[in-house]
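Colleague: Spelled out from the first residue to the last, the chains are:
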Amino acid sequence: MLQRYSALALARAALGRGDYWRPLWGRPAPEAAYDVVVVGAGGHGLATAYHLARDHGIKRIAVLEKRLVGYGNVGRNTTIVRSNYLLPENHYFYEDSLRRWQTLSRDLNYNVMYSPRGVVDLATSDDEMTAYARRGNAMRLAGIDAELLDRAALARFVPALDLDAPRRFPIIGALLQRRGGTVRHDAVAWGYARAAAALGVHIVEDCEVTGLRTAAGMATGVETSRGYVAANRIVFAVAGHTGAIGTLLGLRLPVETHLLQAMVTEPVKPLLDTVLVYMHPHGEVYLSQSDRGGLVMGGALDGFPSYTREGQWSRLEDVVQSAVALLPQIGALRLLRQWAGTNDQTMDGSPLIDRLGWDNVFLNGGWCYGGFKAIPASGAACARFVATGTAPDLIRAFRLSRFATGHLLDEKGAGPFPARQ
Amino acid sequence: MRISCPHCGPRHVEEFEFRSLVPAAGAAAFERVYERVNLPGQSLEYWQHVHGCRAWLVLDRDPSAGEVRTVRLLGAAP
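Chains A and B, in that order, give the protein sequences. Take 1 as the starting number for the first sequence in our numbering and just add one per residue. Take 1 as the starting number for the second sequence in our numbering and just add one per residue.
These are computed hints drawn from the structure, not numbers from a lab. Worth double-checking, as some hints may not be accurate.
Examples of chain A residues lying across from chain B (beta carbon under 7 Å, computed) [unchecked claim]:
#1 E256
#2 S314
#3 G413
#4 P416
The C-beta atom is built at its ideal place from N, Cα and C for all residues, glycine as well.
Kindly produce the complete structure, drawing on both the sequences and the hints.
Modeller: Put into structure tokens, the structure is as follows:
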């Protein structure tokens, strides 16, 4: 069933009559029962299903998706991957993910275009440089690459950035992670879907989960728009709508749904060969140039709960103003597209991977800003959790009970205000 | 999105700041701080007109449609 992609296969396809290419995954109807049902065919759901099949030999797996593969945040992010976190629980987890990104194209036999172009966190004050030095040192102690760049080193690393340009918040240095960079986001969804389908996973699109059926303290299956599907284990990987799923199941979860916008300019010749992150007291922007030439950027959350997937104009203005302050030479470019995704924002800004209400129901969500870059690690760890019943050390800190026991992972120190996490 | 402030009339959302969801009635301290009722069709929220009259407001919104249903001053009868 799986076509093995290679340079030779590509050459043969190019010379053929266009009949080489096959659909990457099928369109199976949902069966009456599965061993594991994963709800949500985004990055996390597909990666979890893929690892359940590949690493744990589970045969009957379905991924049920309300709309279509990659409709949600896996196709709406700004494609940045990095592991430059301060807290050990976060940086070990995201480092595991970054290492998996490095080999993912080979593992999936699908080019996800991992580009280690570096992630540059710009500092605008001595205090920020001190905080970056501390964060970089914490990373290096964990064996993760981090470099503190002074003004001269930053000027050499990012020639497009004119440090002498007049700015309300001048840039004085940066923290660089060279192995950070970008990954082609849609290819991640398609690559995981293709690899999972090749292992026998049923990917069922247009199938909305509307309820959970339980008996004797265990979940027995899910009600869907295409009928009842029985399952021994159920995984909810619906980040953006985790709160709504909680309400559906009668659970109050430590999460709110907020909008995060992104936008891209018209394509231009190569200008920027790294990722810039510019946070200042009046706003923030993170910006990179796609392979097509567009400058992809994002910034802060819209600031209040929403499921609309339409960003507020005022936030778009904030982000663009920060981007132009950073790179004045892009001021004449036109924006090509703007879009928004629904974020699970948790009370400490860190993810939630745990059992959810019942022994055989699992939650993979609460991804806040960190969802895309976490996909490979999240899929592998969540699959192990579901298959063995024991959470691997890597994700034990993401348990739901941490709010009650006081073991919060508040990377930003913002407190239980999801709009500020 | 526009919000009709009871003092200032309809104003752009930029003038306001979302403060928090209204906690469920009778919720204990832990639940008030850390747990949320997320209804895609209805959201009861505290907002403040920070760049206007600075009054605290209670909004009844539909976060799926992005619409404000009702606005009242905090403390006023619903």
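Colleague: Taking the hints in turn, state whether each one holds.
Modeller: Against the structure, the hints:
1. E256: Status holds, d = 5 Å.
2. S314: The hint holds - S314 of chain A has a Cβ within 7 Å of chain B, the shortest such distance being about 4 Å.
3. G413: At 16 Å from the nearest chain B Cβ, G413 of chain A fails the 7 Å test, so the hint is violated.
4. P416: 5 Å, holds
In this structure, the one hint that does not hold is number 3.
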